[in-house]
Each structure stands twice: as C-alpha cells, then as structure tokens.
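Enquirer: Sequence:
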Amino acid sequence: MIKLRLTPYADSSWTWDGHRYVTADGTSEVTPYEHPMVEHTAITDGRRTLLLVRERVTGRPLSAPGPRTAPAVAVDKARALVEQWPADYVLVETAPDLPVRVSAGPFGTAPLYVAHDGTSLHGSWDMADLADHATGLSPREVARLLIYRPRYGTETVFRGIHKVTERATAICGGHLHIHHPEPALHSGPRELVDDADVLSAFVAAMDDALDVRPLDPATTVFHLTGGFDSGTVATRAAERCPGRYATSTLLIGEPGRGSQLRRRRQIRNAVPFSDEDFVVDAMEHPPLHPECGRVSGERISPYEEPLHHPFTKLTALLADNGARAVVTGLGGDEMVALSQAEYPHKSMGEIGDDLPWIGKTAQEALEYADDGIAPPARVNSMTLLSLETTAPVLLRAGIWPVHPFADPGMIQLGEWLPYDWRELKQLQRRRMAALGLGRDVTDSRERESFAEVVQHALTAHAPSLFARMLREGSPLFDCGLVDPDGLRHAVRRLGTGPYREDGDAQLLEVVDLHLATRAFL
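Heads up, the sequence shown is in my numbering, so the first residue is 473 and it goes up one at a time.
No wet-lab data here; the hints were simulated from the structure.
Please note that the accuracy of each hint is not assured.
Cβ pair distances, simulated, as ranges [what the hints assert, rightly or not]:
hint: 1; residue 1: A668; residue 2: P762; range: 38 to 46 Å
hint: 2; residue 1: L810; residue 2: D589; range: 39 to 47 Å
hint: 3; residue 1: P762; residue 2: N741; range: 35 to 43 Å
hint: 4; residue 1: G952; residue 2: R551; range: 21 to 29 Å
hint: 5; residue 1: A567; residue 2: G660; range: 41 to 49 Å
Just so it is clear, CB atoms sit at the ideal spot from N, CA and C, and this is done for glycine as well.
Whenever a hint applies, use it, and build me the whole structure from the sequences.
Expert: Structure (structure tokens):
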C-alpha cells in the first residue's frame with residue numbers, strides 16, 4: 473500500500489504535494505496507494521515525523537493528508553495508537569538524527585519489499601520497482617520454491633531485495649536491518665457448551681470481518697469459485713445486501729469444470745446476488761500463454777500468482793466493469809486446519825527423486841530451509857504467503873483485496889473450534905447446508921482444482937520455453953540450483969507422457985523462476 477525512498481539522517485521536513493509526501497531537499501518521498509479503501513496522514517513535532525498509510529475503517533472519518541504539527545507528547549501518543557488500528561497499515565518514522573524506520577501491519581494485505589543502495593532505503597508493494605537492486609539469487613529461497621516448500625520470512629529469491637514481514641520493522645541507517653516482532657500467541661480447541669450455536673458464531677464472525685472496512689456494494693466483487701471458503705463469505709454478504717454484490721471466478725478444466733459450474737449456479741440461486749457474474753476460462757487463457765506477461769519478459773515477481781495470465785485477465789475484466797474491491801476466500805483452509813497432533817502428515821513439498829532437476833546447490837541449501845523464517849504471526853503463514861501472490865495484480869488494476877478469513881475474529885473462532893467442526897471443513901459445509909444447498913455443493917465427490925489448467929500450460933506452451941531455456945541457459949543453471957541434464961530428462965519425459973501431476977506439475981515453478989530471474993537479473 474506504499475512506495476517510498478527514504479534517506480536517513482537527511483532533511484525531515486515533509487510536505488504533501490497532492491500525490492506524495494516529499495522532503496524539502498528532495499532526498500525522500502512516500503507515495504501512498506491511491507484508493508477509496510486507503511487513507512493516509514502524517515504528524516510531526518518539527519523534528520520527528522510519522523507518516524501513516526492504512527486501510528480505512530468503517531465509521532471513522534477520513535484522515536486528512538499532509539503533516540500536522542503537534543507537541544512531541546502528541547507524536548508519542550500517535551505512535552502508541554498505531555498498533556491498535558483494526559485493519560492493515562504501513563508506518564514510516566523519520567528524524568534528522570535517527571535511522572529511518574518502516575513498520576508493516578499485522579495482516580499482510582499487500583506485500584512490502586525493501587532494498588538499500590548505500591544511500592537510501594527503497595520500498596514498494598511491487599517487487600519490479602526494486603529490480604535494479606537485485607544482485608543475485610538466494611539459493612535457500614529458490615530451493616524452497618522449487619520443491620513447493622515456501623517459508624514466510626524476510627528473504628526473497630533475489631539478494632538485495634527483502635520483505636518486511638507482518639509487524640516487522642525495516643531500520644536503515646548506515647545499513648539495513650529488519651527487526652522481527654515477538655511471536656504472536658495462539659490458543660487451541662475448546663470444549664463447547666451443550667447449547668453452543670457454532671453456526672451463529674461463524675455468521676457473526678463473518679459479519680464483523682466484512683464490516684471492518686467500508687465496502688461499497690456497487691464497486692465490490694466477490695470471488696465465488698464454487699468452493700466452501702469463497703462460498704460461505706459471498707453468500708453471507710448477499711444475504712445482508714440482497715441483489716447488490718457481483719461475483720467472479722476462473723473456470724477450471726474438465727473433469728471438475730461441470731461440478732464447478734453446477735455448484736456456482738446453485739450457490740448463486742440460493743441467495744440473491746446481482747446479475748453480474750464475471751467469468752474467465754483458465755483453459756483458454758492458461759499460464760505461459762504467449763500473451764502472458766511473464767512470457768513476454770515483464771518484470772513479474774516469482775511470488776505473484778502462479779496462474780498469472782488468467783488471473784490478470786479476470787482482474788482486468790473486473791476493473792473494466794468498475795470494480796474497486798475484491799473479496800476472497802483465502803485463508804479458509806488455514807482457519808479450520810488440523811494440527812500435526814490431530815492429523816499427522818508430511819510437511820508440504822518434501823523433496824524426492826521425482827524432481828530430477830533439483831541442482832546440487834539447491835539440495836545443499838534445503839538443509840537450512842527452515843532457518844531464517846519469521847516468528848509465528850497472528851495470521852497463518854500459509855495464508856500470508858497466499859495473500860502476497862494476489863495483491864500486486866489487483867493493485868495494478870486499481871482494485872483493493874479484502875480477505876475476511878484473515879480477520880482476527882475469524883482466526884480465533886477457528887482456533888477454538890473442536891476437531892469435529894474443523895475436520896474436512898465441517899464448519900463451512902454445515903453453513904452451506906443451512907442455506908439449503910444440496911450435497912452436490914456440501915459433499916461433492918468430484919475434485920475441483922487447477923491441475924488440468926497447469927497440465928495444459930505445461931504440455932501446450934512450456935515445451936518451447938524449456939527448449940529455449942536449455943539452449944540459451946539460465947541463471948538457475950549458473951548457480952547450480954537447477955540441473956540442466958535433470959531438467960532435460962524431465963522435459964523429455966513430459967513430452968512422451970503420460971503426464972504425472974505429482975512430479976510434472978512442479979515444472980511450472982521452474983519456468984516461472986527462470987522467467988523471473990531473466991527479467992530481474
């Protein structure tokens with residue numbers, strides 16, 4: 473929600489020029505994201521200045537832009553109140569005799585990447601803005617992504633570019649240091665009283681999460697995939713504002729497409745949505761399509777949506793039709809996730825012999841894959857990783873993302889629920905059943921995923937990209953992160969079939985990382 477250039481120990485006299493905050497000597501600037509769901513303000517005592525960019529909150533008057541002069545005690549009080557804001561924010565603190573500080577809020581609604589060039593601290597929600605500061609590849613972070621075992625931390629694929637994780641502070645004087653917060657505390661399942669009305673508590677939590685921000689039904693679209701998470705949130709909103717909310721989705725491929733269409737139709741018929749339903753066929757606009765920005769060489773972060781091309785198409789369609797906010801179901805899986813003790817399972821992305829392209833450097837780096845990660849957050853780390861994939865595409869289109877399942881009240885409710893309400897998403901299933909939806913929605917036996925879309929992308933569009941990569945080389949080869957002989961073998965096997973979802977689908981990450989490293993480096 474912010475772009476910035478800050479020079480420590482320089483002039484700290486800020487003004488607002490109608491578009492950005494700038495210092496009198498021109499060495500620093502802060503540009504808030506312009507959107508009806510975002511506000512900004514500043515306060516200074518003549519030496520120390522706080523610049524705050526934050527999500528708007530329902531029932532609060534819009535903050536006035538521009539620095540307001542106040543006594544030092546008022547600045548101290550304003551700083552203490554920042555962390556009590558019930559939505560997301562980014563705080564900038566400057567003083568002529570102190571390092572600059574940039575602190576992120578707790579919800580990860582938009583990513584914040586920073587880089588330091590020896591003189592100034594640069595930051596943006598769009599990693600492409602910092603591409604000139606990328607000095608090479610981080611073996612550990614690349615290896616994590618190659619085997620689909622991401623970790624939430626300050627490290628990024630590119631040396632020289634860092635992420636300011638939730639509640640963390642980037643401090644820049646002579647050097648850049650990112651200070652982590654204390655671990656967030658969480659609770660566990662509780663025993664329900666005999667007359668506990670869990671579904672009413674779930675509805676109340678959704679209402680609270682939706683009411684925090686001033687959503688305008690005329691310009692808000694709900695992602696409605698046909699799944700439980702987006703379905704429960706969207707139907708609740710439609711109940712409260714009948715006939716006013718539009719919906720959207722990406723269509724998957726067969727065999728799950730028919731089920732997806734039936735489920736969405738039933739959900740839309742169960743409660744009164746608006747007539748507008750925006751749909752993009754991901755099979756017609758798959759990842760790695762020649763028109764995809766990644767393929768054409770645009771600087772697209774490797775953390776952005778893997779289904780980048782179809783998601784961009786859908787986002788553009790929404791923007792063209794006046795959408796300014798999109799509400800998602802991201803975080804629903806994590807809200808009701810079972811613990812390792814409740815359901816022992818392997819961690820995501822265990823490396824194996826099925827990934828022959830993993831280079832020696834990557835294999836060695838994976839020994840330290842769990843080092844250097846952020847402390848436990850209020851929002852589940854997998855949810856935070858998901859949020860940062862969607863935000864840049866939406867923000868470029870002028871659309872603000874809203875994720876009710878990342879709301880503290882929703883998270884706490886999920887933590888308190890007993891096992892039988894979380895197992896197999898019983899909470900969401902029972903809520904959909906309470907709306908009168910049948911078993912085709914609440915207990916579908918058909919798998920609905922983007923697996924077939926990924927398969928189509930890899931078999932129809934990836935072969936030429938792999939051929940060029942193997943012919944011309946890649947920074948991934950140069951660093952020993954991807955073994956070209958192993959990749960050549962995998963690509964040859966991909967061409968002769970049969971396609972294996974477990975072992976072939978991971979090749980999409982190889983292509984995305986290759987295209988990103990070529991564009992950034």
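Enquirer: Decide, hint by hint, whether the structure agrees.
Expert: Status of each hint after checking the structure:
{"no.": "1", "hint": "A668 - P762: 38 to 46 Å", "in the structure": "55 Å, violated"}
{"no.": "2", "hint": "L810 - D589: 39 to 47 Å", "in the structure": "45 Å, holds"}
{"no.": "3", "hint": "P762 - N741: 35 to 43 Å", "in the structure": "38 Å, holds"}
{"no.": "4", "hint": "G952 - R551: 21 to 29 Å", "in the structure": "46 Å, violated"}
{"no.": "5", "hint": "A567 - G660: 41 to 49 Å", "in the structure": "43 Å, holds"}
Violated hints for the displayed structure, listed by number in ascending order: 1, 4.
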